[in-house]
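Asker: The chain contents come next:
Number of protein chains: 2
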Amino acid sequence: MKIGVIGGGQLGRMLSLAGTPLGMDFAFLDPAPDACAQALGEHIRADYSDQDHLRQLADEVDLVTFEFESVPAETVAFLSQFVPVYPSASALRIARDRWFEKSMFKELGIPTPAFADIQSQADLDAAAASIGLPAVLKTRTLGYDGKGQKVLRKAEDVAGAFAELGSVPCILEGFVPFTGEVSLVAVRARDGETRFYPLVHNTHENGILRLSVASSAHPLQALAEDYVGRVLDKLDYVGVLAFEFFEVDGGLKANEIAPRVHNSGHWTIEGSECSQFENHLRAVAGLPLGSTAKVGESAMLNFIGEVPPVDQVLAIADCHLHHYGKAFKAGRKVGHATLRSKDLATLKARIGEVEALIGKG
Amino acid sequence: MKIGVIGGGQLGRMLSLAGTPLGMDFAFLDPAPDACAQALGEHIRADYSDQDHLRQLADEVDLVTFEFESVPAETVAFLSQFVPVYPSASALRIARDRWFEKSMFKELGIPTPAFADIQSQADLDAAAASIGLPAVLKTRTLGYDGKGQKVLRKAEDVAGAFAELGSVPCILEGFVPFTGEVSLVAVRARDGETRFYPLVHNTHENGILRLSVASSAHPLQALAEDYVGRVLDKLDYVGVLAFEFFEVDGGLKANEIAPRVHNSGHWTIEGSECSQFENHLRAVAGLPLGSTAKVGESAMLNFIGEVPPVDQVLAIADCHLHHYGKAFKAGRKVGHATLRSKDLATLKARIGEVEALIGKG
Numbered sequence: 001m002k003i004g005v006i007g008g009g010q011l012g013r014m015l016s017l018a019g020t021p022l023g024m025d026f027a028f029l030d031p032a033p034d035a036c037a038q039a040l041g042e043h044i045r046a047d048y049s050d051q052d053h054l055r056q057l058a059d060e061v062d063l064v065t066f067e068f069e070s071v072p073a074e075t076v077a078f079l080s081q082f083v084p085v086y087p088s089a090s091a092l093r094i095a096r097d098r099w100f101e102k103s104m105f106k107e108l109g110i111p112t113p114a115f116a117d118i119q120s121q122a123d124l125d126a127a128a129a130s131i132g133l134p135a136v137l138k139t140r141t142l143g144y145d146g147k148g149q150k151v152l153r154k155a156e157d158v159a160g161a162f163a164e165l166g167s168v169p170c171i172l173e174g175f176v177p178f179t180g181e182v183s184l185v186a187v188r189a190r191d192g193e194t195r196f197y198p199l200v201h202n203t204h205e206n207g208i209l210r211l212s213v214a215s216s217a218h219p220l221q222a223l224a225e226d227y228v229g230r231v232l233d234k235l236d237y238v239g240v241l242a243f244e245f246f247e248v249d250g251g252l253k254a255n256e257i258a259p260r261v262h263n264s265g266h267w268t269i270e271g272s273e274c275s276q277f278e279n280h281l282r283a284v285a286g287l288p289l290g291s292t293a294k295v296g297e298s299a300m301l302n303f304i305g306e307v308p309p310v311d312q313v314l315a316i317a318d319c320h321l322h323h324y325g326k327a328f329k330a331g332r333k334v335g336h337a338t339l340r341s342k343d344l345a346t347l348k349a350r351i352g353e354v355e356a357l358i359g360k361g
Numbered sequence: 001m002k003i004g005v006i007g008g009g010q011l012g013r014m015l016s017l018a019g020t021p022l023g024m025d026f027a028f029l030d031p032a033p034d035a036c037a038q039a040l041g042e043h044i045r046a047d048y049s050d051q052d053h054l055r056q057l058a059d060e061v062d063l064v065t066f067e068f069e070s071v072p073a074e075t076v077a078f079l080s081q082f083v084p085v086y087p088s089a090s091a092l093r094i095a096r097d098r099w100f101e102k103s104m105f106k107e108l109g110i111p112t113p114a115f116a117d118i119q120s121q122a123d124l125d126a127a128a129a130s131i132g133l134p135a136v137l138k139t140r141t142l143g144y145d146g147k148g149q150k151v152l153r154k155a156e157d158v159a160g161a162f163a164e165l166g167s168v169p170c171i172l173e174g175f176v177p178f179t180g181e182v183s184l185v186a187v188r189a190r191d192g193e194t195r196f197y198p199l200v201h202n203t204h205e206n207g208i209l210r211l212s213v214a215s216s217a218h219p220l221q222a223l224a225e226d227y228v229g230r231v232l233d234k235l236d237y238v239g240v241l242a243f244e245f246f247e248v249d250g251g252l253k254a255n256e257i258a259p260r261v262h263n264s265g266h267w268t269i270e271g272s273e274c275s276q277f278e279n280h281l282r283a284v285a286g287l288p289l290g291s292t293a294k295v296g297e298s299a300m301l302n303f304i305g306e307v308p309p310v311d312q313v314l315a316i317a318d319c320h321l322h323h324y325g326k327a328f329k330a331g332r333k334v335g336h337a338t339l340r341s342k343d344l345a346t347l348k349a350r351i352g353e354v355e356a357l358i359g360k361g
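As given, the protein sequences belong to chains A and B, one line each in that order. Note that the UniProt record's numbering has the first sequence beginning at 1, numbered continuously upward. Note that the UniProt record's numbering has the second sequence beginning at 1, numbered continuously upward.
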């Protein structure tokens, strides 16, 4: 079976590492000449709207999936004429647009911060008044890793903010005084069977994920599964989806979903029976899902900008390196480490060792 | 770091799957147009004695290692002029020749079946008389998976046997009434640090490995480590080496060594903290070795001739599929499954499930 992937970055790379042992081949469509997945599959170097190359991809592969959600809707629609596409165009349409996404949460009874559609500065002025400050203005589409958003704390921040984000459709979200950020990675098969990984506690810095720690028997696991299950069924979703929540007052408020394998699920490569990457491929290929049970106690730390010296990373016990083979650049995710330890105390010590290496010790 | 591998079969494929996350790139030199590792690295399609292409490989990579031991000595010597080669030419020279290998065992005080060098039918007649029957005649080089050998049970089997194996240098080995076959996979770093995986119990059929079960606290572990350690130090070995033993009268008799990652170590991908593939690469690249500790209870079953339907393999709990992407052909190793279970009773049940799929149930 040959899998087409839109995007050829580290997520594509890890999909291929998981799928090759299942007998799958891969083709990645990505305009970047140095797309790091190309070491592990065919690289179709083309723009996402290049119909000739999209057609070539569709002709070569058995199905198409995505590495990121900001794929033009036309790309998905075009591909869908020729080849099965998972997740579906309709699921992507909602997941890639914060307004559609939040509206769906509301419709499904999933708590989410107050939000308003912003098409102009006048919309923003009105919404800032009704929702109150602080609040966060976010572009409806194309935001990631803290990009395409601005925190509005005072009235001065509101003035001109719509233009500052490019005068594109936005939403304003009420600021949530959360006590923690957690995410749930789930997988849904073609036949609707759904499995959930354990809730993960995430720590961000400057909008970029730094640390994920997998939990055991988290008191909010069942609630999170309930919420995520509603979304998966609503979207008739196929594949892996990640759902980010704020922990607020002992409950959960929905932040956003990502219709793909997710950074907060990277720990599953070593830390669970079947990784998010393998489970995504099993789901889209119509194969039985794998177990999402934990193996040991795990955490994931991102390497941002550079990977520390490999010999030093590998000298840390319980540490598994994932180097993405990308050029180092400030603010860029270029690798991660998974720690899988026998108990939480050991895990905590190991996290300290990796943090010391990346200058956080 | 770019690694050159002589050979591009499933061992090369699994080396790349283990090394890519360490930031390594791979080039495989293999004459086969369909070498299955080519999905995961550059394929230099050339004969092992093609000096132009060997030179190209040497120029492209930081070091060279091997997927199999039957590489012409001239190939290794040629490469060694231009690039570091691990394991060394001298280690390969001994490991690829059963006479040198057994002589080394004897020199190091490692028990091994009685053996004799056979250069002619007259040598064979004399050795069969002194060693006694049954005995096994094996070519000194190029044997694998039961190929290049003949069991001699009666006097009639001896007559003409030398010609039958091609009138090439052979050894005759006394038949050992073993109660089991075990192997120890070990890794030795450039600085001499050595680590051992747990002893594995192996079951062969028609000379081909079918089932490996990793042991816990095997009573012969320390003895095996002692023997293997002697060989590693003698050869000043760098990388992974597998040592196969017969269990005889509660002790061990050396069968043979393989100077490479080995089929009986495939279970380590899921079943140990750091797989034999990653540890081989860590060793040859001069990186710190990884832990050889077990994770759960593991077994490996080979898929010979064909891989059972993927959906049926993946439906088995605790089962991890490794499809080599090779054309199916009778007698060919085309994949394997690792089972990693929480206890031995569960593992035994799972082995039965996989065996049922491959028609052994």
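Think of the hints as simulated: they come from the structure by calculation, not from any bench. Even glycine gets a Cβ: it sits at the ideal position worked out from N, Cα and C. There could be a bad hint or two in this list.
[Unchecked claim] In silico DSS-like links for lysine-lysine, alpha-carbon gap of 30 angstroms or less: (1) A:Lys348 <-> A:Lys253; (2) A:Lys294 <-> B:Lys154; (3) B:Lys106 <-> B:Lys150; (4) B:Lys326 <-> A:Lys2; (5) A:Lys342 <-> A:Lys329; (6) B:Lys333 <-> B:Lys348; (7) A:Lys348 <-> B:Lys150; (8) A:Lys150 <-> A:Lys253; (9) B:Lys348 <-> B:Lys2; (10) A:Lys342 <-> B:Lys342; (11) A:Lys2 <-> A:Lys150; (12) B:Lys342 <-> B:Lys329; (13) A:Lys234 <-> A:Lys154; (14) A:Lys294 <-> A:Lys348; (15) A:Lys150 <-> A:Lys342; (16) B:Lys2 <-> A:Lys333; (17) A:Lys2 <-> B:Lys294; (18) A:Lys106 <-> A:Lys329; (19) A:Lys333 <-> A:Lys2; (20) A:Lys329 <-> B:Lys2; (21) B:Lys154 <-> B:Lys253; (22) B:Lys253 <-> B:Lys294; (23) A:Lys333 <-> A:Lys294; (24) A:Lys342 <-> B:Lys348; (25) A:Lys2 <-> B:Lys2; (26) A:Lys150 <-> A:Lys333; (27) A:Lys326 <-> B:Lys106; (28) A:Lys294 <-> A:Lys253; (29) A:Lys147 <-> A:Lys329; (30) A:Lys294 <-> B:Lys342; (31) B:Lys348 <-> A:Lys294; (32) A:Lys2 <-> B:Lys348; (33) B:Lys253 <-> B:Lys234; (34) B:Lys234 <-> A:Lys348; (35) A:Lys342 <-> B:Lys326; (36) B:Lys294 <-> B:Lys333; (37) B:Lys2 <-> B:Lys106.
[Said to hold, decoys possible] Examples of chain B residues lying across from chain A (beta carbon under 8 angstroms, computed): (38) Thr20; (39) Leu22; (40) Gly23.
Asker: List, from low to high, the hint numbers that the structure doesn't satisfy.
Answerer: 2, 5, 7, 9, 11, 12, 13, 15, 17, 18, 27, 32, 34, 35 and 37
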